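Engineer: Next come the chains, spelled out residue by residue.
Number of protein chains: 2
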Amino acid sequence: MHHVFVTGAAGFIGSNFIDRLLAEGVRVTGWDNLSTGQIRFLDGANQHPHFRLIRGDNMDLPALKNAMQGADFVAHFAANADIRDGWKHPEKDLQQNTMATFNVLEAMRENGVRRIAFSSTGSVYGEALVTPERPTPETDSFPIQTSLYGASKSAGEGLIAAYAEGGQIDEAYIFRFVSILGERYTHGHVFDFYQQLIAHPDHLRVLGNGTQRKSYLYVQDCVDAILHVARQATAKNARHHTQIYNLGTPEYVQVNASIGFICAELGLTPRLDYTGGDRGWIGDNPFIFLDTRKIQETGWRPQLTIAQGIVRTLRWLKANRWVYDTRH
Amino acid sequence: MHHVFVTGAAGFIGSNFIDRLLAEGVRVTGWDNLSTGQIRFLDGANQHPHFRLIRGDNMDLPALKNAMQGADFVAHFAANADIRDGWKHPEKDLQQNTMATFNVLEAMRENGVRRIAFSSTGSVYGEALVTPERPTPETDSFPIQTSLYGASKSAGEGLIAAYAEGGQIDEAYIFRFVSILGERYTHGHVFDFYQQLIAHPDHLRVLGNGTQRKSYLYVQDCVDAILHVARQATAKNARHHTQIYNLGTPEYVQVNASIGFICAELGLTPRLDYTGGDRGWIGDNPFIFLDTRKIQETGWRPQLTIAQGIVRTLRWLKANRWVYDTRH
Numbered sequence: 001m002h003h004v005f006v007t008g009a010a011g012f013i014g015s016n017f018i019d020r021l022l023a024e025g026v027r028v029t030g031w032d033n034l035s036t037g038q039i040r041f042l043d044g045a046n047q048h049p050h051f052r053l054i055r056g057d058n059m060d061l062p063a064l065k066n067a068m069q070g071a072d073f074v075a076h077f078a079a080n081a082d083i084r085d086g087w088k089h090p091e092k093d094l095q096q097n098t099m100a101t102f103n104v105l106e107a108m109r110e111n112g113v114r115r116i117a118f119s120s121t122g123s124v125y126g127e128a129l130v131t132p133e134r135p136t137p138e139t140d141s142f143p144i145q146t147s148l149y150g151a152s153k154s155a156g157e158g159l160i161a162a163y164a165e166g167g168q169i170d171e172a173y174i175f176r177f178v179s180i181l182g183e184r185y186t187h188g189h190v191f192d193f194y195q196q197l198i199a200h201p202d203h204l205r206v207l208g209n210g211t212q213r214k215s216y217l218y219v220q221d222c223v224d225a226i227l228h229v230a231r232q233a234t235a236k237n238a239r240h241h242t243q244i245y246n247l248g249t250p251e252y253v254q255v256n257a258s259i260g261f262i263c264a265e266l267g268l269t270p271r272l273d274y275t276g277g278d279r280g281w282i283g284d285n286p287f288i289f290l291d292t293r294k295i296q297e298t299g300w301r302p303q304l305t306i307a308q309g310i311v312r313t314l315r316w317l318k319a320n321r322w323v324y325d326t327r328h
Numbered sequence: 001m002h003h004v005f006v007t008g009a010a011g012f013i014g015s016n017f018i019d020r021l022l023a024e025g026v027r028v029t030g031w032d033n034l035s036t037g038q039i040r041f042l043d044g045a046n047q048h049p050h051f052r053l054i055r056g057d058n059m060d061l062p063a064l065k066n067a068m069q070g071a072d073f074v075a076h077f078a079a080n081a082d083i084r085d086g087w088k089h090p091e092k093d094l095q096q097n098t099m100a101t102f103n104v105l106e107a108m109r110e111n112g113v114r115r116i117a118f119s120s121t122g123s124v125y126g127e128a129l130v131t132p133e134r135p136t137p138e139t140d141s142f143p144i145q146t147s148l149y150g151a152s153k154s155a156g157e158g159l160i161a162a163y164a165e166g167g168q169i170d171e172a173y174i175f176r177f178v179s180i181l182g183e184r185y186t187h188g189h190v191f192d193f194y195q196q197l198i199a200h201p202d203h204l205r206v207l208g209n210g211t212q213r214k215s216y217l218y219v220q221d222c223v224d225a226i227l228h229v230a231r232q233a234t235a236k237n238a239r240h241h242t243q244i245y246n247l248g249t250p251e252y253v254q255v256n257a258s259i260g261f262i263c264a265e266l267g268l269t270p271r272l273d274y275t276g277g278d279r280g281w282i283g284d285n286p287f288i289f290l291d292t293r294k295i296q297e298t299g300w301r302p303q304l305t306i307a308q309g310i311v312r313t314l315r316w317l318k319a320n321r322w323v324y325d326t327r328h
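First to last, the protein sequences are chains V and X. For what it's worth, my numbering labels the leading residue of the first sequence as 1, then goes sequentially. For what it's worth, my numbering labels the leading residue of the second sequence as 1, then goes sequentially.
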């Protein structure tokens, strides 16, 4: 891993991944259309002689092929992550999560890049079908997709696997993330709750009834995990050139508990207004808890608990309230 | 089911499905771009007052929306079925099996059509991961895709499920076919073997070593199964609005056995030239055997065995050698 091509370079996870690579002496080409990415997230990287940013869109295959020249590894983070509003623009998930991934793979083929890491999501499991009250393993039952987001990411996974198993690339690492949080976090429940509490510290509107159980992972732990697995090259001599890992901590929290962590950190005691129902929006999964034994068997461990990650995120948001002034 | 919109109307399965619907008094709008479909397969349907054919392409969403007006059920058969040559034109599977399915769903949303049947494939299971030596159930482990064809069909399934579980349509019936054969069969091993034996009755080139074990289903049994399930409306009051059925007979045959049936029917004893290896092409699955208990529990049974289906197919090909003169 000498020269990594990172899609979604100016995004939350992409920019943190880039900073880590540069700190470790790896050359990086960042690729971002800056539609939701924040150029400020690359302020540090842009000072670095081993970094260059190319502005471009994954739907522009010729430009993508051109930009990827010289890379020996692709980290594909670019995605539409607007999970809740999928039905307002259903083509967006398909384009940005499925067709974009296809273009990344074609650009790899063109440039002879043979290794990829892909940010997928626990949403690909839909709602676990067989025995919901246990952490979901990578080998869970063939799921019924319940959201456009999950369907489009699952389709991206399928394309990557087809390229790897079909001998077009050598190593594919697919990571099914829980929700990631930490520095540069710009959407999700901590972001939304804090935004509300800035505007009105005395009450908080909560989607659903607050009993949804969710899992989160700190972004630096996420970056660690991806690099750890890619460097072990676990796909190299495996039966399948596609290696899939759930990525999260071995725990979950209720939304209500998360509200507790947030309010304690802010010193607030707002009135809680629940919209009701056991899920926050159409396609919301009331229980996300991934079995992470497979990645733990590689020797990786998360450094922060969910509660610590939430507090770390909130502190970053407090110090960077400018992110609320930018459009997403 | 009063007015069915059938994509891939001039194709092998679509045209047989249409003939059945018309015989049962159902109104049909057929939709086909005639890129691989055979207009002759609709000779009978075109005589029928309840049938109209609209020539158009699934990638043309406005035309598709327009053509679907008035339908109350969609049977989506149109697909790229050129499984072996996926790597020559990788965008073809993505466009014709994934994006086309998305367009069909969007046209349904536009027209308020709430029910769909979709022809998927056992290829979505990739190569069964856990215990290969048993029939693959619908709830098998979350597969690693091994072909573009399987990946693109799996992606189509995922989109349909997302629409159904997201409340955009009411009932989705997904059928994972084994290879279908019978009247109007225009590609596959019986087609290829007979073509060879017409040209040179004394020898036969066999991809792989002949020990691949495959499953087949007679097209009239396939049509029966789809109508049987759609009329039972099994998705209507189920936990999931997406109902997935493996579709095949409860048996498989070795390629070598199939060669035996074919040669016996033709009265030939060719020399067999094997290309070798345990699979015929990149992405070929050496063992396809689906667990069909779920669909059998609805009361459906196939009428022909695999051997009977192969012979029936061969007799149709013998009587319709013109299909070898058309380009596919």
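Calculated from the structure, these hints are not laboratory results. Everything numeric in this text was worked out from a predicted model, so none of it was measured. Built from N, CA and C at the ideal position, the CB exists for glycine as well. One thing to keep in mind: the hints can contain errors.
Claimed, not checked - Estimated spans, in silico, between C-beta atoms of each pair:
id, chain 1, residue 1, chain 2, residue 2, range
1, V, His2, X, Arg279, 57 to 67 Å
2, X, Gln195, V, His50, 54 to 64 Å
3, V, Glu297, X, Arg279, 25 to 35 Å
4, X, Glu91, V, Thr305, 38 to 48 Å
5, X, Arg134, V, Lys236, 50 to 60 Å
6, X, Ser35, V, Arg321, 49 to 59 Å
7, X, His2, V, Glu110, 31 to 41 Å
8, X, Arg134, V, Lys318, 54 to 64 Å
Engineer: Given the hint of 50 to 60 Å, check if Arg134 of chain X and Lys236 of chain V actually sit that far apart at their C-beta atoms.
Structural biologist: violated, 30 Å
Engineer: Does the hinted range 54 to 64 Å hold for Arg134 of chain X and Lys318 of chain V at CB?
Structural biologist: Cβ of Arg134 of chain X to Cβ of Lys318 of chain V: about 56 Å, so the range 54 to 64 Å holds.
Engineer: Given a hinted range of 25 to 35 Å, is it respected by the beta-carbon distance of Glu297 of chain V and Arg279 of chain X?
Structural biologist: holds, 31 Å
Engineer: For the range 54 to 64 Å, tell me whether the beta carbons of Gln195 of chain X and His50 of chain V fit it or not.
Structural biologist: holds, 57 Å
Engineer: Quick check: does the Cβ-Cβ distance between Glu91 of chain X and Thr305 of chain V fall within 38 to 48 Å?
Structural biologist: At 44 Å between Cβs, range holds.
Engineer: Do Ser35 of chain X and Arg321 of chain V keep their Cβ atoms within the hinted range of 49 to 59 Å?
Structural biologist: holds, 56 Å
Engineer: Regarding His2 of chain X and Glu110 of chain V, is the given constraint of 31 to 41 Å on their beta-carbon distance met?
Structural biologist: violated, 50 Å
Engineer: Using the Cβ atoms, figure out if His2 of chain V sits within 57 to 67 Å of Arg279 of chain X.
Structural biologist: violated, 35 Å
Going through the hint list in order, the structure does not satisfy hints 1, 5 and 7.
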